[in-house]
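Q: Full structure from sequences and hints, please.
2 protein chains.
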Amino acid sequence: MPVRLGRYTLLLPSMPGISGYAAVAGKKEGEGPLGSAFDYIYEDGTAGEKSWEKAESIIHRDAVTRAISKAGVSPQDADVIFAGDLLNQCTGSTFGIRDMGIPFAGIYGACSTMALSLAMASVWIDSRVCDIAVASTSSHFCSAEKQFRMPLEYGGQRTPTSQWTATAAGAAVVSKNECKAKIEKVIVGRIQDYGIKDPNNMGAAMAPAACRTIADFLRDTNTNPSDYDMILTGDLGSVGSELLCELMIKQENIDISSVHEDCGLMIYDTSVQKDTGAGGSGCGCSAAVLCSDILRRIENGELKKVFFVGTGALMSGISTLQSESIPAVAHGVLLTGG
Amino acid sequence: MPVRLGRYTLLLPSMPGISGYAAVAGKKEGEGPLGSAFDYIYEDGTAGEKSWEKAESIIHRDAVTRAISKAGVSPQDADVIFAGDLLNQCTGSTFGIRDMGIPFAGIYGACSTMALSLAMASVWIDSRVCDIAVASTSSHFCSAEKQFRMPLEYGGQRTPTSQWTATAAGAAVVSKNECKAKIEKVIVGRIQDYGIKDPNNMGAAMAPAACRTIADFLRDTNTNPSDYDMILTGDLGSVGSELLCELMIKQENIDISSVHEDCGLMIYDTSVQKDTGAGGSGCGCSAAVLCSDILRRIENGELKKVFFVGTGALMSGISTLQSESIPAVAHGVLLTGG
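The listed protein sequences correspond, in order, to chains A and B. According to numbering that gives the first Met the number 0, numbering within the first sequence proceeds without interruption in unit steps and concludes at 337. According to numbering that gives the first Met the number 0, numbering within the second sequence proceeds without interruption in unit steps and concludes at 337.
Hints are computed from structural coordinates only; laboratory data are not their basis. Misleading hints may appear alongside valid ones.
To be verified - Computed from the model, here is a short list of chain A residues facing chain B with C-beta under 7 Å:
| id | residue |
| --- | --- |
| 1 | Ala-36 |
| 2 | Glu-52 |
| 3 | Gln-88 |
| 4 | Thr-90 |
| 5 | Arg-97 |
| 6 | Ala-104 |
| 7 | Tyr-107 |
| 8 | Ser-126 |
| 9 | Pro-224 |
| 10 | Tyr-227 |
| 11 | Ile-317 |
| 12 | Gly-336 |
Said to hold, decoys possible - A short, non-exhaustive set of chain A residues, derived as facing chain B with CB atoms under 7 Å:
| id | residue |
| --- | --- |
| 13 | Pro-102 |
| 14 | Ile-106 |
| 15 | Val-122 |
| 16 | Arg-127 |
| 17 | Ser-318 |
Claimed, not checked - Derived list of chain A stretches under chain B, where covered just means 3 residues or more per stretch with a C-beta under 8 Å from a C-beta of chain B:
| id | region |
| --- | --- |
| 18 | 18-27 |
| 19 | 184-198 |
Keep in mind it's a predicted model, so treat the numbers as computed, not measured. C-beta: ideal position from N, C-alpha, C; glycine also.
A: Here it is in structure tokens:
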């Protein structure tokens with residue numbers, strides 16, 4: 000049963016385990032540094048479908064199906080799936096999993112969705128609410144650009160601060176069984192809004208939320224950055240990552256720079272894949288990085304303690320047009336060796 | 000700690016309580032049969048804002064603020080808020096509550112959001128994950144029409160099967176303290192898709208999901224419709240309600256007609272308010288009906304056992320244009336006298 004540490008952090012004494020995980024990705028992500036870590040690369044971004052939205056549902060379902068299979072169970076065994084995505088009304092997930100018959104608790108955390116879904120799933124497992132919970136999310140570059148920014152056909156210029164929405168999906172099966180990694184603590188974030196209005200600079204909008212959650216967590220757990228092998232944000236990109244490290248020092252007097260990594264900076268080689276700008280983003284980015292390279296390194300014993308902090312910008316295309324600022328949230332999950 | 004009953008239902012032995020609830024609504028809802036039950040009526044649908052979206056955020060925040068105040072606590076006391084809405088990227092809730100500093104777990108269940116948020120909140124309370132959890136949602140006729148169907152200015156004809164998205168918000172505070180109603184059981188629904196493609200007939204799309212969840216719940220709990228004072232769906236409207244009762248008999252051989260009520264049929268007097276078509280809909284409809292009339296009647300002892308089944312159609316404006324069918328989900332919460 001979860002135990003509260005400090006004001007915001009939950010300790011999960013039973014240490015729910017990730018018994019299966021999978022990540023699938025598109026061609027560009029396959030060409031990135033983690034290409035060989037993904038379970039499957041879709042060379043064709045349409046996944047054989049007639050629309051980008053339908054393609055996203057296909058890759059979402061694929062990641063869920065693979066994770067469940069790798070956990071050695073079947074969809075009928077799953078008690079609940081916590082899933083969501085960036086598409087309007089979360090159709091990437093709902094249409095992707097609609098035929099699977101798993102009780103569906105829809106969640107929304109923008110690009111923080113993988114962390115939120117893992118937090119929700121692991122709390123349920125630790126509370127013995129259920130035996131097998133699935134956490135999943137996805138994003139698709141083409142469906143996201145069309146929805147949040149410009150139609151692809153417009154060929155709009157990208158600013159240097161803009162991030163590249165990953166075409167990718169990730170899923171993890173959380174259970175109390177034998178596992179590949181354990182979830183020891185979780186923290187649900189508080190919304191931060193520093194007045195950033197530029198939808199092409201999500202890193203700047205999300206950095207304050209990451210700062211808030213990391214500071215809350217370290218204070219609640221009475222730990223320091225050096226107690227972790229990695230504090231992994233997803234996805235601040237280069238601009239947001241720099242801002243986060245600065246904010247952590249200026250606001251909180253905590254230096255995380257020696258252990259900080261960012262999923263948005265891991266999924267592409269921005270020096271070669273120049274169009275990826277400040278790095279990757281999108282729900283699928285941190286989901287695919289976590290559910291491939293990171294969990295594998297935890298499973299192998301290479302990483303022992305990873306504090307994964309999903310970051311989400313909570314704006315919409317409409318709120319941007321209405322000159323609203325961009326609220327952001329960051330949820331955290333502490334992963335440890337199995 | 001929750002106990003599983005059958006395959007899908009959770010019994011919450013500690014019976015989490017609703018210690019405060021509030022509903023605010025627009026002018027048309029104020030003129031309906033429940034007008035006097037709402038905490039506040041916004042005569043001006045803009046709520047003094049420059050856009051319908053901003054207005055929805057205002058009414059969302061208002062409902063949350065009132066519910067928290069009526070529970071006798073302050074926002075700083077709240078450990079978590081489970082909130083979501085129909086707007087793209089759930090900005091009704093995120094922008095509404097962004098300044099409140101409450102840890103935010105975003106959820107998405109379309110019009111089933113009130114039931115999903117109550118289910119999530121009560122599971123956390125029963126598992127002693129936290130002491131005070133808020134559940135909330137909202138919808139606005141004008142923001143929803145613009146987003147899902149036609150710009151209001153277009154003056155499109157409405158079909159008789161179409162439902163009227165309520166301008167309303169509802170919120171409930173769930174805790175283990177002294178309470179006005181208790182949450183005894185919850186069920187997370189499974190997505191159903193019967194191939195309905197008409198976005199002007201949401202009742203038909205959602206009825207199968209309600210049927211699935213009600214049948215699962217009755218089987219899991221080994222109960223009959225007559226064991227309940229009310230099986231309250233939200234929001235099937237007249238078309239969906241008739242279909243639900245038919246489906247329950249034909250598919251499940253269960254007659255719920257004597258105890259079935261629908262929030263969409265309670266919020267308007269469709270015989271007088273003729274433009275409301277087949278009845279109300281939108282996240283705010285069932286939220287406002289539940290968090291006013293229904294919870295008050297439970298508090299007064301008039302109703303002892305209400306099985307509230309929120310129904311949500313999981314399509315988007317884009318999926319409709321892409322000729323997709325409409326998946327739906329229904330989540331259930333059993334409310335009993337305090």
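Q: Each hint should be assessed against the structure and marked as holding or not.
A: Verification of the supplied hints:
Of the supplied interface hints, the one on Ala-36 (chain A) is violated, with its beta-carbon coming no nearer than about 28 Å to a beta-carbon of chain B, more than 7 Å. Among the interface hints, the one on Glu-52 (chain A) holds; its C-beta lies about 6 Å from the nearest C-beta in chain B, closer than the 7 Å criterion. About 4 Å separates the beta-carbon of Gln-88 (chain A) from the nearest beta-carbon of chain B, less than 7 Å, and the hint is met. The interface hint given for Thr-90 (chain A) holds, since its Cβ lies 5 Å from the closest Cβ of chain B, which is under the 7 Å cut-off.
Evaluation of the Arg-97 (chain A) hint against chain B yields a held restraint, the C-beta minimum of about 4 Å falling below 7 Å. At its closest, the beta carbon of Ala-104 (chain A) sits 5 Å from a beta carbon of chain B; the interface hint therefore holds under the 7 Å criterion. Nearest Cβ of chain B to the Cβ of Tyr-107 (chain A): about 4 Å, under the 7 Å cut. The hint holds. Taken as an interface hint, Ser-126 (chain A) checks out: its beta carbon lies about 3 Å from the nearest beta carbon of chain B, inside 7 Å.
The closest approach between the C-beta of Pro-224 (chain A) and any C-beta of chain B is roughly 22 Å, which is over the 7 Å cut-off, so the hint fails. The beta carbon of Tyr-227 (chain A) is not positioned within 7 Å of any beta carbon in chain B (closest approach about 21 Å), and the interface hint is therefore violated. For Ile-317 (chain A), the suggested interface contact is upheld, since its CB lies about 6 Å from the closest CB of chain B, less than 7 Å. For Gly-336 (chain A), the interface hint is violated, since its Cβ never comes within 7 Å of a Cβ in chain B; the closest pair sits about 25 Å apart.
A hinted interface residue such as Pro-102 (chain A) counts as satisfied when its beta carbon comes closer than 7 Å to some beta carbon of chain B; here the least separation is about 4 Å, so the hint holds. Because the beta carbon of Ile-106 (chain A) sits about 5 Å from the nearest beta carbon in chain B, less than 7 Å, this interface hint is met. The interface hint given for Val-122 (chain A) is met, as the beta carbon of that residue sits about 6 Å from the closest beta carbon of chain B, less than 7 Å. The beta carbon of Arg-127 (chain A) comes within 6 Å of a beta carbon in chain B, closer than 7 Å, and the hint placing it at the interface holds.
A cut of 7 Å between beta carbons decides the hint on Ser-318 (chain A): the least distance to chain B is about 5 Å, and the hint holds. With 0 residues carrying a beta carbon less than 8 Å from a beta carbon of chain B, the region 18-27 of chain A misses the three-residue requirement, and the given coverage is violated. Here the region 184-198 of chain A counts 6 residues with a CB under 8 Å from a CB of chain B, which clears the bar of 3, and the coverage holds.
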